[in-house]
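J.: Protein chains in written order, with the working numbering: chain A, 1 to 449; chain B, 1 to 231.
Everything labelled a hint here was simulated from the structure, so no lab data went into it.
Please note that the accuracy of each hint is not assured.
Computed from the model, here is a short list of chain A residues facing chain B with C-beta under 10 Å [said to hold, decoys possible]: (1) Lys-7; (2) Gln-10; (3) Ile-11; (4) Arg-13; (5) Arg-14; (6) Ser-15; (7) Leu-17; (8) Glu-94; (9) Gly-96; (10) Leu-281; (11) Asn-286; (12) Ser-289; (13) Arg-293; (14) Gly-294; (15) Leu-295; (16) Val-296.
A short list of chain A residues far from chain B (calculated; beta carbon distances all over 12 Å) [claimed, not checked]: (17) Leu-12; (18) Asn-50; (19) Pro-82; (20) Leu-104; (21) Ile-121; (22) Gln-150; (23) Gly-209; (24) Asp-227; (25) Ala-287; (26) Tyr-288; (27) Ala-340; (28) Thr-359; (29) Pro-390; (30) Lys-397; (31) His-429; (32) Ala-444.
Please read all numbers here as calculations on a predicted model, not as lab measurements.
No residue lacks a Cβ here, since even glycine has one placed at the ideal position from N, Cα and C.
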Amino acid sequence: MRWLLLKDLQILRRSLLVSVLLVLYPAVIAVLIGFALSRGPEKPRVAFLNEVPPGTPLVVGGTQFDVTGAKSELCARLDCIPVSSEAQARQMVESGDALAALILPPDLIQRLESLGGLNPIQPTVRVLVNEEDPVKAGLVDDRIDSLVTQANLRISKEVSHISANYLTLLTRGGTFNLLGQTLDILGLQNSERILEAVRSELPASSPLGAALDKVIRFARLAGQNLDQAQPLLASIAHPIEVQKEVVAGSPPSLDSFAIAVAATVTLMFVTVLLVAGALALEWEENAYSRLVRGLVRRTWLLAEKVLLGIALSLGVTLLMLAGLSLFVHIEWSRLPAIVAAILAGGAAFAAFGAAIGATAREVRASSLLAFMISLPVAFVSLVESGTVSPGLFDVIKVVRAVFPFHAALDAMSGGLDASGPALGAPLLHLAILLIAYGALARLALRRLV
Amino acid sequence: MIETRALAKRFGDRRALQGVSFVAHRGELLAIIGPNGAGKTTLLSILAGIRDPDSGSVSRRPREVGWVPQQAALYRRLTVAENLRLFARLERMPDVGATVEEMLEQTALAERRDDQVGTLSGGNQQRINIALGLLSRPPVLLLDEPSAGLDPRQRERLWQFVLALAGGGTTVIFSTHNLAEAERYGQRLLVLADGETLFDGTSSELHAAVHEAGARDFEQAFVAFLRDRGH
Numbered sequence: 001m002r003w004l005l006l007k008d009l010q011i012l013r014r015s016l017l018v019s020v021l022l023v024l025y026p027a028v029i030a031v032l033i034g035f036a037l038s039r040g041p042e043k044p045r046v047a048f049l050n051e052v053p054p055g056t057p058l059v060v061g062g063t064q065f066d067v068t069g070a071k072s073e074l075c076a077r078l079d080c081i082p083v084s085s086e087a088q089a090r091q092m093v094e095s096g097d098a099l100a101a102l103i104l105p106p107d108l109i110q111r112l113e114s115l116g117g118l119n120p121i122q123p124t125v126r127v128l129v130n131e132e133d134p135v136k137a138g139l140v141d142d143r144i145d146s147l148v149t150q151a152n153l154r155i156s157k158e159v160s161h162i163s164a165n166y167l168t169l170l171t172r173g174g175t176f177n178l179l180g181q182t183l184d185i186l187g188l189q190n191s192e193r194i195l196e197a198v199r200s201e202l203p204a205s206s207p208l209g210a211a212l213d214k215v216i217r218f219a220r221l222a223g224q225n226l227d228q229a230q231p232l233l234a235s236i237a238h239p240i241e242v243q244k245e246v247v248a249g250s251p252p253s254l255d256s257f258a259i260a261v262a263a264t265v266t267l268m269f270v271t272v273l274l275v276a277g278a279l280a281l282e283w284e285e286n287a288y289s290r291l292v293r294g295l296v297r298r299t300w301l302l303a304e305k306v307l308l309g310i311a312l313s314l315g316v317t318l319l320m321l322a323g324l325s326l327f328v329h330i331e332w333s334r335l336p337a338i339v340a341a342i343l344a345g346g347a348a349f350a351a352f353g354a355a356i357g358a359t360a361r362e363v364r365a366s367s368l369l370a371f372m373i374s375l376p377v378a379f380v381s382l383v384e385s386g387t388v389s390p391g392l393f394d395v396i397k398v399v400r401a402v403f404p405f406h407a408a409l410d411a412m413s414g415g416l417d418a419s420g421p422a423l424g425a426p427l428l429h430l431a432i433l434l435i436a437y438g439a440l441a442r443l444a445l446r447r448l449v
Numbered sequence: 001m002i003e004t005r006a007l008a009k010r011f012g013d014r015r016a017l018q019g020v021s022f023v024a025h026r027g028e029l030l031a032i033i034g035p036n037g038a039g040k041t042t043l044l045s046i047l048a049g050i051r052d053p054d055s056g057s058v059s060r061r062p063r064e065v066g067w068v069p070q071q072a073a074l075y076r077r078l079t080v081a082e083n084l085r086l087f088a089r090l091e092r093m094p095d096v097g098a099t100v101e102e103m104l105e106q107t108a109l110a111e112r113r114d115d116q117v118g119t120l121s122g123g124n125q126q127r128i129n130i131a132l133g134l135l136s137r138p139p140v141l142l143l144d145e146p147s148a149g150l151d152p153r154q155r156e157r158l159w160q161f162v163l164a165l166a167g168g169g170t171t172v173i174f175s176t177h178n179l180a181e182a183e184r185y186g187q188r189l190l191v192l193a194d195g196e197t198l199f200d201g202t203s204s205e206l207h208a209a210v211h212e213a214g215a216r217d218f219e220q221a222f223v224a225f226l227r228d229r230g231h
């Protein structure tokens, strides 16, 4: 078997263009796919026009809001591009230099402050978007909705707090500032006490007694009920609380997933194409019959091709990971797990490639077949549940079970990231596929001369 | 020598061989002739151990039979020496280096040893093809259409080489469409048609069997011979 392996390596060495393409092309595709899947723009580019006069404080109900801090927080989540006019913002959005434009109108502060007063006016911000790309449009909508929701939440909390203060003033009394003047507010509880004192001084036969009793009851009831309203106001500010519980799945980090996708796609293309082509070459060179008529057993020939695929794909994939590590962090302390994932995935892909090569028996046909099967299988395997109908996802589950890609991806994710899937199940799955496709390839060899 | 007894082979409904029996002796040159589809290549592939017969037997194991297929079976990206070395190793030759040198000398390709086989002419590729069949020094050598695609000079060299092998005691069995070649080099002729043996004897015996008045030449007479027997 080692002489056959040496022979195949010699042939690869002499087919420089094939070797380079076999290594470079899948690596490039893999990296593109991996990062396209997991990354949109980290921070969407948004043109930012602030028409609020600089230095304008925002005071709502006596509380001063940190406007500068709010702006910093906003731009920490967006890539803010300051512009000086609406025309400039509009031009940037139309040209695609910015995904959207956020315009803060000059009266925004005044309107926000009015929320704490008796004549509130709803504040608005303006967003300019370019919706020619639905993906971009969705991304911008999601981001800005999220930011506005958070701003609304903070403001509504403060407004609720202010409203609660007003209620306290009404029920218990206190002082109130209005137009620079300090007013004493009696409050309902104090009113009730004063009225009860006056009632006790009235003669029993006084006609004002009954009317006074009504006023005292009103003051008491109003004070008690308005006290109850305070927790209600607090709950309005934050009516729904979300409790998240993870019942299944142990997702790796986004970076690890992207790397796992890139590595698995590389592994798949290198191994499947190489083994399918190497086995088909034996027929094209007419050497197959010379080999199997007593020199080499068919099973050994198959094993040699699988070993060739595993060895080369291990080297190529590790090389690709080493290259990627220049740009992203890879936990190299997990190298044994990474190598185990690559070996298992490589073996299953190699057996799959052998089945294709033994069936096609021609290098061009086997390469085409390998490509035409592998690429759609990889894409289909990446579709997540919940994004398609249940019936269609059942079909996808069958594809995932029958082809090595998804199991290899799980193994790779688990190898790269300790928080990823456990290695045991995908490795077992890959071992089963190795045996199954190996048997198929052996069966195909048996029927052929 | 090599002996076959009642070899039979079917491919689906098509009967490729039926009841083919013959003996080829040591140092004998046996030519297998017949029209297309007669079963010549099937017979050789069974003798070489590439296919199993449905019934019948062959007296030699595949490793005792050297095989030279019609289409050269070698790796075009490897050099002449690398091809010889690979198969010498697979044949488990005790001294691989010496075997390779011997074959390079026998095929007069020593100067081309480091050339990739794909760069050689058809004739030279056929030489390597034959050399690979002879690596293990088999007592029996099978040649399937050995002169196909060769020019006259190459054919002459080829047959000189093959005659020398036979002279050294190697049993040579070759198939050919070329009746003149079969007549000229075959000490015995085995005529197949539709998987059956129609004739097994010397060329002069075949001449006598196909003799027909009015036939322009032997080839015409041979065609008539086949036709008379329903093929």
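J.: Hint compliance check: list the failing hint numbers for this structure, sorted ascending.
T.: 7, 8, 9, 17, 25, 26
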